[in-house]
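J.: Starting from the structure of chain D, add chains P and U where the hints point.
Below, each chain spelled out in residue letters.
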Amino acid sequence: MAADATSWATKSGFGKMAILFWAILAALPLIGYVRDDPSFDYYMFMGQSMLIYGTAVLGLNLLIGFNGQISLGHSAFFAVGAYTTAILMNFAGMPYWATIPIAAVVCFGAGFLFGLPALKLEGHYLALATFTLAIAVPQLLKYKAIAGWTGGVGGLLLEKPDPPFNLPLSPDQYLYYLCLFVSMLMFWFVYNLLRGRSGRAMMAIRDHPMAAGTMGIDTALYKTVTFGISAAITGVAGALSAITIAYVAPDSFTLQLAVSFLVGLVVGGIASLPGCILGGVFIVLVQNSAQSISDWMKVSFSLRYDVPAWAIYGVLLLLLMYFLPSGLMGGLIALKERLFGAKGPDSTDDPAPQASRND
Amino acid sequence: MGAILEAKGVSAWYGMIQAVTEVDLQVEQGGVTALLGANGAGKTTTLRALCNMVRRSGTTTFDGVDISRRSTEDIVRMGVAHVPEGRGTFVALTVEENLKLAFHTRRDRAAAMRDMDLVFDYFPRLKERIRQQAGTLSGGEQQMLAIARALMLAPRLMLLDEPSFGLAPLIVQEIFRILRQINRDAKVSMLIVEQNAALALELADQVYLLETGSVVTSGPSDMVRNDEALRKAYLGY
Amino acid sequence: MEFFIQQVVAGLTSGAIYACVALGLVMIFVSTDHINFAQGEMAMFATYIAWALIDAGVPYWIAFGSTILIAFVGGLLIQRFILKPLENAPVLALVVCFIALLSIFNAMAGMIWSYTIKPFPSPFPALDLTGHGLVNVRQLGVVGVTLIMLGILTVFFRYTTLGLAMRAAAQNASSARLMGVRVSWMLALGWGLAAAIGATAGMLVAPLVFLDPNMMTGILVYGFAAALVGGIANPAGAVLGGFIVGVLENLVGSYVIGNELKLTFALAMVVGVLLFKPAGLFGRVIVKRV
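Protein chains in written order, with my numbering: chain D, 1 to 359; chain P, 1 to 237; chain U, 1 to 290.
With the rest of the complex left out, here is chain D (with noise of 0.2 Å):
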């Protein structure tokens, strides 16, 4: 079936690949003690960003990817694990990384609620219901009731933490690794997941639910705790966000933000897991660069106002379902082959997004 994580993962080569990958990544920050570069801790941000939002895409992927339900709201759980935190924080006095599970908890515990209603609808039906808590959340959050916890329209404040044991990192570069450490664990956890029995299930569920079913499997308990765990990946990367970003405000948390979530899961490979990493990359990508080809386009168009990102948004979601299905990993591993001509045992995947047919 179509990018079945337990071809790949069970694939040799692939732990080592992913071991170096992560080392990659944790050695990034010694950069900055190589090169003076004034900007260097800004990198670090963007970093930092990069991994939340490669968490939020892999909490996505996990319940669109791998279980075939159709989720456009996943901004409301990475609010809700952003908000958890920064009241713990604001209002508990909670040192920031004991939110972090705190928050995970919350979000299980919601994102299960939310998967109870969500059995019973399906492919456009849930897109439908996820969208409609997508729209709601930001007016929910500047409720006025809730308004002495949330802090309404203005949002709470936060401390940014500073390195522990006096670390002779910079604070950028210690919530680098902060992110680096809780993603990692994040794609450990959902690596082993998927390649276990439970794993098997959920793909079971995805590709045949009636099979599924009748093989003894309990569909509706797997599903909405799928939506559970899916819920309390993405809030604790909407955890890591408010630590990192020192603010939590209602309108951080709108549609949009679950649109780049599901553009880093196009972007990356609908069912991968490396994908969700690329997708993270790409979206920090987009938001940054989204002025200078806003001014580019002004100049080259003789546009009078800005291009949004929502427009290079819109267009490469476009763009990627007409000419790369499968997403960067799919196209990077078609390419391989075309290349090297390998025939791997997941060669002969469908790269089409096989998530939630409903015929």
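You can trust all of the hints, since none of them are fake.
Pairs of lysine-lysine residues, derived as DSS-like cross-links and limited to a Cα-Cα distance of at most 27 Å, are as follows:
#1 U/Lys-262 with D/Lys-142
#2 U/Lys-277 with D/Lys-120
#3 U/Lys-118 with D/Lys-142
#4 U/Lys-118 with D/Lys-298
Now the in silico label distances, taken between C-beta atoms and shown as ranges:
#5 U/Leu-162 with P/Thr-59: 31 to 41 Å
#6 U/Ala-173 with D/Gly-213: 21 to 31 Å
#7 D/Asp-295 with U/Tyr-255: 49 to 59 Å
#8 U/Ala-173 with D/Pro-117: 24 to 34 Å
#9 D/Ala-92 with U/Ala-173: 52 to 62 Å
#10 U/Ser-254 with D/Pro-171: 47 to 57 Å
#11 U/Leu-281 with P/Asp-74: 40 to 50 Å
#12 P/Lys-232 with U/Gln-171: 36 to 46 Å
#13 D/Ile-146 with U/Gln-171: 39 to 49 Å
If you are wondering where the hints come from, they were derived from the structure by calculation, not from laboratory data. C-beta atoms are modelled at their ideal positions from N, C-alpha and C, and glycine is treated no differently.
T.: Then chains P and U, alone, in the frame of chain D:
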């Protein structure tokens, strides 16, 4: 009298599976040709290939015009009416709406209205149920409706896919009687796919026997009817 | 009591707009089985075209008519060029495609006309009819336009052969082809009609809320709720659903939860209807294809 429909070397696929291989067949102007064979012999696929409803190769000519690359809609509009397997009823439309659908493609509204009267002459039962939702009709009535819908297109050739399927013998008799009448009076040529070989042999003048996607034998229907060995081998009676 | 009536009238007015949005959604659902997330942004974009025409000195009703026409052609083209290649694609690809369209229309409006809000004229004067601010001509106009549109659509689908062909194509595409119906054009026509209806909705909304690229986001959610309440495959139901949702929204907003949670209320309605009454109040059961 030439052939109204001529297929040469037609092959057809369902997905990756080839279901029909190099079939040649002809329907004479005003004639009735039967396509017989066991279940899974490729009869329905052949019929679909003729109207380009499946992936196919080979050439098909209708009345001397090459229709191999025409779309299904165009072939229908040229005068080939296909009564599909499963009857293709528009269940949520009324009987009348099912029939009036033909008005969408026909320019000659007055003639179309006359055809509607004609159709009701053939199938008075449908006239009784004119305002009823087509999904509520019985199987036999739905089969009649399918034939009636095809007739509304004022076709010169009808492709009939198992008109007797799942129907009581009496209804089948009635439907075949009407088909014969349509062929005789309205001069509509027919290509009919049937499981009920005896019935089809009575109606048809030419027969093709299909086995695993290829024509094994063909000829006048009398020939097949009188050849007991052939009947036993392929038609099971 | 007067306040109550006022809220009901206001609810009917916004309900009429939700009904328009819902009608557009139903149109696409009926002809293609899809839920168009870009319906709101398409309507918004069309409204900007109307604004540009009026701004250039075109009389209101001419701008109104030409916008509907432009939207119709635009919808047709979107189906032919963007969606047709994805006809057999999985749901996710389609959802992604709709989200892409939503983003592109929103961004294009911002790029061409900026994100600052603009006033949009209404053809109906805000003339008070009862003397105590209960009902005014503008409200009646909005409701009237919606009902006229429903009437036109009903006549089109029930009494024209083209409408019949569209219904047939939606019900059983392969059988419709065998009746000579050009099915893929019927889908395109469905999109064209949806876009035209959406444009009308946009032009009705804009005078009430000011024109801006995000004007339809919340309204679209209510449109979804309305379409679901009415049964997503049922045009008349969608209009009734629109009125119900509009009135409910206003009453619940003023008596129960306040205006701040209106979108949450819409969310609850969408999820609630999907869960407990998936066929809507007036719709047929949506048969799941296996």
